[in-house]
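Trainee: Those letters in the sequence shown? Residues 1 to 91, per the numbering used here, in order.
Rather than coming from a laboratory, the hints here were simulated on the basis of the structure.
Certain hints may be false.
Below, simulated DSSO-like cross-link-like pairs (lysine-lysine); rule was C-alpha separation at most 27 Å, straight line [said to hold, decoys possible]:
#1 K25 - K47
#2 K85 - K61
#3 K85 - K12
#4 K85 - K25
#5 K25 - K61
Distance windows between CB atoms, simulated [to be verified]:
#6 R80 - N16: 26 to 34 Å
#7 V49 - C86: 16 to 24 Å
#8 G23 - R52: 29 to 37 Å
#9 D55 - G88: 26 to 34 Å
#10 E84 - G14: 20 to 28 Å
#11 G88 - G50: 25 to 33 Å
#12 R52 - K85: 27 to 35 Å
#13 E41 - H69: 14 to 22 Å
#14 R80 - Y33: 13 to 21 Å
#15 E41 - Y72: 19 to 27 Å
#16 F4 - Y72: 29 to 37 Å
In this text, a Cβ means the ideal position worked out from N, Cα and C, and glycines have one as well.
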Amino acid sequence: MVRFGYLELTAKAGQNLPYLSSGEKIRGHEFHYYDTDANGESCTAEKPVGGRSWDCMVSYKNLLAGFPHLYYESNPDLIRRFVEKCRGLDG
Numbered sequence: 001m002v003r004f005g006y007l008e009l010t011a012k013a014g015q016n017l018p019y020l021s022s023g024e025k026i027r028g029h030e031f032h033y034y035d036t037d038a039n040g041e042s043c044t045a046e047k048p049v050g051g052r053s054w055d056c057m058v059s060y061k062n063l064l065a066g067f068p069h070l071y072y073e074s075n076p077d078l079i080r081r082f083v084e085k086c087r088g089l090d091g
């Protein structure tokens, strides 16, 4: 596997992500065989043990996409913002 296990995503400064503020974190995990040189640059993923890190996630308008499977309960504010966007209450 290319990347396997738990990670923590941090939104990069100046990225204007739809659901994460600059520096905000959410936990998740990855498990996949595929890799690319275009993993995205909106967030930094870091392994909790060993500290290995890499850029990942693509953000465009209301889309935040990438290999990581997010653990939404680790960031309740992300859930709230997602629901608000779905309801069209983002102002």
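Trainee: If any of the earlier hints don't hold here, list their numbers in rising order.
Mentor: The structure conflicts with hints 6, 7, 8, 11, 14, 16, although it agrees with all the remaining ones.
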